[in-house]
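Trainee: Protein chains in written order, with this note's numbering: chain A, 1 to 262; chain B, 1 to 281.
Hints are not guaranteed to be accurate.
Mimicking DSSO-like on lysine-lysine, the simulated pairs with C-alpha atoms at most 30 Å apart in a straight line are [to be verified]:
| no. | chain 1 | residue 1 | chain 2 | residue 2 |
| --- | --- | --- | --- | --- |
| 1 | B | K83 | A | K176 |
| 2 | B | K45 | B | K83 |
| 3 | A | K249 | B | K83 |
| 4 | B | K45 | B | K80 |
Take a look, some chain B residues computed to stay more than 10 Å from chain A by CB distance [as the list claims (entries may be wrong)]:
| no. | residue |
| --- | --- |
| 5 | W100 |
| 6 | G187 |
| 7 | A278 |
Here are the computed distance ranges between Cβ atoms for each label pair [what the hints assert, rightly or not]:
| no. | chain 1 | residue 1 | chain 2 | residue 2 | range |
| --- | --- | --- | --- | --- | --- |
| 8 | A | W92 | B | C226 | 20 to 28 Å |
| 9 | A | R2 | B | C226 | 36 to 44 Å |
| 10 | A | H104 | B | Q132 | 39 to 47 Å |
| 11 | B | D227 | A | L105 | 36 to 44 Å |
| 12 | A | L143 | B | L74 | 46 to 54 Å |
Honestly, the hints are just simulated from the structure, not real lab data. Glycine included, C-beta positions come from ideal geometry on N, C-alpha and C.
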Amino acid sequence: MRLTDWQLAFEAHLLNDAPALDQGFAATLRGGPSLDVDTGLAIYHNAYRARLLDVLRHDFSAVRYWLGDDEFAALAGAYVRRCPSEHYSLRWFGERFATFILEHLAQEHSAPLAELARLEWAFTLAFDAPHGEPLTLADMAELPPQAWPGLQVAWVPSVQQLGCHFNSLAIWRAAKDNGDFPGSHAVEPAQTCLVWRHEQVCRYRTLEPAEASALATMVTTGGCFAELCAQLAVTYAEGAPLQAVTWLKQWVQDGLLQHRAP
Amino acid sequence: MATSLPFLGYGLGLRNEYYEQILEQSPAVDWFEVISENYLVQGGKALYYLDAIAERYPLVMHGVSLSIGGPHALDFDYLKQIKQLAERIQPAWVSDHLCWSRGNAHQLHDLLPLPYTEESLYYVAGRVRQVQDVLQRPLVLENVSSYVRAKADEFCEWEFLNALAHLSGCQLLLDVNNVYVSARNHGFDPWTFICNLPPQSIRQLHLAGHRDYGDYVVDTHDHPVCDPVWALYQQTLAHIGPVSTLLERDDHFPPFQELLDELAKARQLGASALAGRALCA
């Protein structure tokens with residue numbers, strides 16, 4: 001058997017759901033004095049699945065907390081079969097887990113669980129995203145008065161923005177605290193949740209609709225500070241600049257923003 | 001048969017469980033070995049600590065995903081990232097494993113054994129040369145633990161390693177525990193393996209623990225080094241002279257001091273073996 005064919009047979013053994021032996025492949029192998037071929041191949045087969053399941057258990061601990069160990073293992077095992085790893089780094093193995101949940105489970109269960117998986121993946125993305133060049137309050141203090149109206153900002157690279165239609169944050173928090181499962185229910189209206197990393201620590205918070213709208217104006221659509229003030233004037237009248245500055249200070253303190261590239 | 005390769009002393013595998021203690025305590029560790037893939041990211045805590053530790057300690061890069069013997073094309077994007085990381089932290093050398101970890105279609109994330117055939121030898125040697133051309137440095141390859149062997153083997157493992165080093169110019173990371181594990185599993189003499197390697201090519205040693213299931217042994221890196229591996233380690237140093245030694249732990253992480261104590265044991269046993277060697281010279 002040529003090298004490539006031997007390796008493809010080995011790969012097929014590892015990817016096979018059950019550790020059933022391909023007798024043709026097994027016949028190309030030898031064991032040792034007290035380690036037979038079946039046991040040797042089972043060691044590799046078990047290690048392949050165990051390693052991938054460990055990654056999912058780590059990256060989706062809140063999903064596991066919700067489902068319990070057995071149901072999570074069944075779901076994760078199905079994912080391992082359906083979505084074998086494509087990236088050299090295990091860090092990316094869970095990338096398709098939320099989408100897989102939507103496709104794999106009945107709809108009434110899948111939507112909230114997939115949202116929780118997306119939330120956990122957002123933390124994974126924020127964890128090792130580029131640092132960017134976060135604005136500081138000192139940067140803002142040095143901004144000349146004439147530059148304020150035209151000020152444009154962008155998210156720092158770690159910011160992940162999620163629309164939460166369920167109480168996923170409460171479930172995530174309960175999982176981290178090892179508390180009682182709070183139950184799953186829809187939230188109305190949907191919440192906007194930000195996940196990001198600031199000074200090497202992952203953070204999150206939900207936004208009230210008005211603040212989410214203000215951030216959408218300044219960050220998502222690239223509006224300048226003057227446009228934000230104009231938008232806020234509808235609600236806050238002459239208090240609009242004060243509200244805009246209050247939020248902007250909060251966003252800068254949180255480490256959410258950097259200068260928008262020209 | 002002393003090697004002229006640089007001797008870094010006694011090091012530990014850098015693991016995130018110990019980042020803060022390393023920076024706070026500046027422990028008496030001569031160098032750290034980093035898992036390359038853990039730092040092929042664009043930012044975050046891991047890179048932050050890596051940069052801080054790189055300022056204080058010599059580092060060596062150790063990869064697990066090169067898949068030098070795999071049936072796929074070499075991943076030049078991955079190699080480019082390895083090279084960029086090497087430029088960032090200036091490791092003393094860059095290592096990976098003599099194995100394959102990626103199949104035709106999927107990443108398998110394991111250190112899978114190669115058949116030790118002439119076909120494998122020339123295939124791997126060619127790829128090693130390509131990697132070395134990209135990295136602009138010798139590649140250091142580690143012997144892996146194995147649980148099956150190919151009936152098609154035309155060489156024993158140490159013959160294959162010798163020939164590969166000769167053909168490709170690669171250097172060797174001799175994992176003493178892996179030799180012990182494979183020797184138990186396949187029924188060969190571990191000392192025959194080690195004493196038949198080219199000493200001038202051995203750049204580094206690994207020490208680690210394993211799980212002994214009686215009929216076979218599994219390389220788990222979740223226990224302290226066992227006595228037979230310590231004995232083999234001393235025999236190895238007495239044979240080839242000072243070689244940079246690295247203690248690995250990848251699971252069941254003990255309190256940091258326990259790991260430092262185990263490293264101190266490596267240092268003491270290593271010094272003893274080297275002193276005995278000097279007396280015999």
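Trainee: Look at each hint and say if it fits the structure.
Mentor: Results of checking the hints against the structure:
1. K83(B) with K176(A): It is violated: about 37 Å lies between the C-alpha atoms, which goes past 30 Å.
2. K45(B) with K83(B): With Cα atoms ~21 Å apart, K45(B) and K83(B) stay inside 30 Å; holds.
3. K249(A) with K83(B): violated, 40 Å
4. K45(B) with K80(B): Holds, because 22 Å separates the two Cα atoms, which is no more than 30 Å.
5. W100: violated, 6 Å
6. G187: violated, 4 Å
7. A278: holds, 37 Å
8. W92(A) with C226(B): 20 to 28 Å: Violated: the Cβ-Cβ distance is about 35 Å, outside 20 to 28 Å.
9. R2(A) with C226(B): 36 to 44 Å: The hint (36 to 44 Å, Cβ to Cβ) holds, given that R2(A) and C226(B) are roughly 38 Å apart.
10. H104(A) with Q132(B): 39 to 47 Å: Given a distance of about 44 Å, which is inside 39 to 47 Å, the answer is holds.
11. D227(B) with L105(A): 36 to 44 Å: violated, 51 Å
12. L143(A) with L74(B): 46 to 54 Å: holds, 49 Å
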